[in-house]
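Same order as they appear, the protein sequences are chains A and B.
Just so we're aligned, residue 1371 is where the first sequence starts under the numbering used here, counting upward by one.
Just so we're aligned, residue 1371 is where the second sequence starts under the numbering used here, counting upward by one.
Keep in mind the hints are simulated off the structure, nothing from the lab.
Predicted model, so just to flag it, every value in this text is computed and none were measured.
We treat Cβ as the ideally placed atom computed from N, Cα and C, and that holds for glycine.
Incorrect hints may have been included.
[Said to hold, decoys possible] Derived Cβ-Cβ restraints for the label pairs, each shown as a range:
(1) A:A1479 with B:K1528: 50 to 56 Å
(2) B:Y1793 with A:D1430: 47 to 53 Å
(3) B:R1801 with A:R1730: 46 to 52 Å
(4) B:G1476 with A:A1420: 23 to 29 Å
(5) A:A1725 with B:Y1793: 55 to 61 Å
(6) A:A1401 with B:K1528: 24 to 30 Å
(7) B:Y1793 with A:A1435: 48 to 54 Å
(8) B:R1801 with A:G1763: 56 to 62 Å
(9) B:N1795 with A:R1649: 39 to 45 Å
(10) A:R1730 with B:E1593: 26 to 32 Å
(11) A:R1649 with B:G1711: 43 to 49 Å
(12) A:L1632 with B:R1512: 30 to 36 Å
(13) A:P1383 with B:A1604: 52 to 58 Å
There are 2 protein chains.
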Amino acid sequence: MMRWWGWGEESHPPALPPHALDRLRHELGLAPGARGERVDLDAVRLPDSALGEGARAALDRAAGAGWVRDDRESRIRHAAGRGLPDLLRLRRGEADPAPDAVVSPGGDAELRAVLEACAEHRVAVVPFGGGTSVVGGVEPLRGGCEAVIALDLARLDKVDVDGRSLLATAGAGVRLPELEARLAHAGVTLGHFPQSFEYATVGGCVATRSAGQASTGYGRIDELVRGVRLAAPAGDLAPPALPASAAGPDLRELVVGSEGALGVISEATLTVRPAPAVRRYEGVVFASFAEGAEALRACAQRDAAPDVARLSDEDETRLTLALAGETRATRAMGLYLRARGIRGGCLAIVGWEGAGHHVRRRRARSLAVLRHAGAVPLGAAPGRAWARARFEGPYLRDDLLDHGVLVETLETAHRWSRLDDLYRNVAGALRAALRA
Amino acid sequence: MMRWWGWGEESHPPALPPHALDRLRHELGLAPGARGERVDLDAVRLPDSALGEGARAALDRAAGAGWVRDDRESRIRHAAGRGLPDLLRLRRGEADPAPDAVVSPGGDAELRAVLEACAEHRVAVVPFGGGTSVVGGVEPLRGGCEAVIALDLARLDKVDVDGRSLLATAGAGVRLPELEARLAHAGVTLGHFPQSFEYATVGGCVATRSAGQASTGYGRIDELVRGVRLAAPAGDLAPPALPASAAGPDLRELVVGSEGALGVISEATLTVRPAPAVRRYEGVVFASFAEGAEALRACAQRDAAPDVARLSDEDETRLTLALAGETRATRAMGLYLRARGIRGGCLAIVGWEGAGHHVRRRRARSLAVLRHAGAVPLGAAPGRAWARARFEGPYLRDDLLDHGVLVETLETAHRWSRLDDLYRNVAGALRAALRA
């Protein structure tokens, strides 16, 4: 079970190695004793549940005995997502607002009954999957209602695979690792690996229009969703899982990204692929961010894109290497860059997944384009290091918060011709804001 | 200018060769003198224009002098699309309903002014691009309004190319051949070739969510649209041309396929690709439709799909060969099928477009998968024959109507595991209905 105040299981080892902490102290001028606030669970301020007796009884009937919880810990655990403001709020001990109860329907009929009970008793409903939203998607806001529940979707956990069509239908509450395990039995994969992979659910990915680390190859979730079922207050919307339709606007695209605001996503049908026999991740280095971006553009526009393509700028490269410590790969990269007279340099991780011959062919093609555009290959060591730590970001964030250091992530997208402008303007605005 | 009663220019030669007509007469039991009705333009019944003086004056002001037409021919030319019911209606001489006027705004400001004038004077607006709709999309329905105009978008004809991002922004009224000619100057292509290519417009493709003959490779229009501008009665909706966004539902997908019902699509930004140096189309033959479908499934699911992939069933194959007459390719196919003891057989056209080495590599991969699945290659002759006639369907339909023969097209999509059922049920229902 995830820590109530942060990411991951209690037993997870620290993500921040001691040498990296020293380096950060030096770089940020952090006082050695600086600590981020974090209260104990007992000290969390939680308002009394506002759920009336009538509403409570109706929810008990709708969801079944035992599936309506209003104990202190359940409510605190469903009070916030995992964005930076959520973490700061929880660590301070603020569980206000919190849901007045946590309700867990076991199927579509119970879900419909819960929605009707909530409509009748003027109770707001906030769908809750993995609870990893970073945009306030699970904020238990009451609006004009008498009370608010977190609708925990964990029991919507069916998975069906149509191997012939390469389609999988999964309940909204299925977590991605569980989904991948069950897909693996059928020899397929969704290939969707957001940073939140360990806790994110199918419904959450669809509701947040998520992208993952291999989405260059497998496609973003909006490119993978074929069918979806939305339980809305006025009824169900369930566009069928067809490959395409020209019969009017695509209503699936209203549901994808709706963040729980239009109804409860209870199920999705997703494109899957044969499970890859080989996963190969490597590092390459560029003289500059602009050179790296041009190289990736060439790949993308010449049908040579790797499945994983992640380019760091000079600052992120420096930080990544500092956190990694001295390894053969970082030494090789340092030597190479010095030999070329480059200060800084930009690391990129590129990766291919699939059948062995397929990976060999596509890797050769990508590397030819990348090399032509200036990339110097660093081999598989940086790729292995990246793969080991690919889901460590949120753990690292907690460790840094413990030391009083804030970290935050932004995601955006723009056309290639505007990438330079975007990068310079956003980085400039961030630096200016942090200096102020 | 397109024939008012059918497809293409007056000067277009007949699409139905004499030997094919004989064959059809034999096959369908058609009487030698059977003729489809077709009246002269003078004999068309057209109601008087219901546009009031105030509305007319307001539209003149909004669109500019000379851009509001209510002459007989303009109204008849905008009275119907090009579906079978449209053609039968026009050939019978029925131009009722017809638009009360045809208005041609020259840009976004005029378009907005026209919409406001129409709202003020209770005039219904039907956007009109190439006029090739087959689903009643340009039917001049007045609804509860006093009058109805056809909003001819031909003057919205700008084209801008962002070669670095491989994006093109085009006015709704640009016809696809004109678009491709202008894209070719920039070394790129949209690669969108619906059967209606010669007359279809950018706005029409977006409004109808069209797919084209090479959409297996280039993607359907909904996969190519990045940005779109909709002039709606309540204001403009113009989601920017970003590669992706996770900030809520994708409103572009409401506009794509909206058939002019939500507003006027005035512009679209579309993904383009480098113009192909090589286009290679070939024929292959399968023992059965099921074998062919399985072969194409294998291609699609193993990253080996051709850009063009068109499988005919036994009946369509027989008809195609009959219309083509005796050629080296049809003789070769006949010999091969007889040698394998196959009656019938199914022809598929497969094609690849791109740089020379790219086409060679992808063709080899597709053909390996197809052969493994039972395909026998027939070489380039059937591909050339298909390419010559790829936009001839609507001409052929007119010629057949002249002889009293109706033809109609259906499009649909389903998951691979349901394809057999779909095919058998639809074909069975059609045969039963035609026999009745």
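Original post:
Regarding R1649 (chain A) and G1711 (chain B), is the given constraint of 43 to 49 Å on their beta-carbon distance met?
Top reply: About 46 Å separates the Cβ atoms of R1649 (chain A) and G1711 (chain B), which means 43 to 49 Å holds.
**OP:** Please test the hint of 23 to 29 Å on the beta carbon pair from G1476 (chain B) and A1420 (chain A).
**Re:** About 59 Å separates the Cβ atoms of G1476 (chain B) and A1420 (chain A), which means 23 to 29 Å is violated.
**OP:** Determine whether the Cβ-Cβ distance between R1801 (chain B) and G1763 (chain A) falls within the hinted range of 56 to 62 Å.
**Re:** 60 Å, holds
**OP:** Given the range 46 to 52 Å, decide if the beta-carbon distance of R1801 (chain B) to R1730 (chain A) lies inside it.
**Re:** 49 Å, holds
Original post:
Okay, R1730 (chain A) versus E1593 (chain B) on CB: inside 26 to 32 Å?
Top reply: Once the Cβ atoms are compared, 28 Å apart, the range 26 to 32 Å for E1593 (chain B) and R1730 (chain A) holds.
Original post:
Per the hint of 39 to 45 Å, is the separation of the Cβ atoms of N1795 (chain B) and R1649 (chain A) within bounds?
Top reply: 41 Å, holds
Original post:
Given a hinted range of 24 to 30 Å, is it respected by the beta-carbon distance of A1401 (chain A) and K1528 (chain B)?
Top reply: Since the Cβ atoms of A1401 (chain A) and K1528 (chain B) sit about 60 Å apart, the hinted range of 24 to 30 Å is violated.
Subject >> Distance restraint hint 55 to 61 Å, applied to the beta-carbon atoms of A1725 (chain A) and Y1793 (chain B) >> reply: With Cβ atoms ~30 Å apart, the hint is violated.
Subject >> Distance restraint hint 48 to 54 Å, applied to the beta-carbon atoms of Y1793 (chain B) and A1435 (chain A) >> reply: 49 Å, holds
Original post:
Between Y1793 (chain B) and D1430 (chain A), does the C-beta distance stay in 47 to 53 Å?
Top reply: 50 Å, holds
Original post:
In this structure, is the beta-carbon distance linking L1632 (chain A) and R1512 (chain B) contained in 30 to 36 Å?
Top reply: 34 Å, holds
Subject >> P1383 (chain A) paired with A1604 (chain B), Cβ distance criterion 52 to 58 Å >> reply: 56 Å Cβ-Cβ, so the 52 to 58 Å window holds.
Hints 4, 5, 6 from the list above are not met by this structure, while the remaining hints are.
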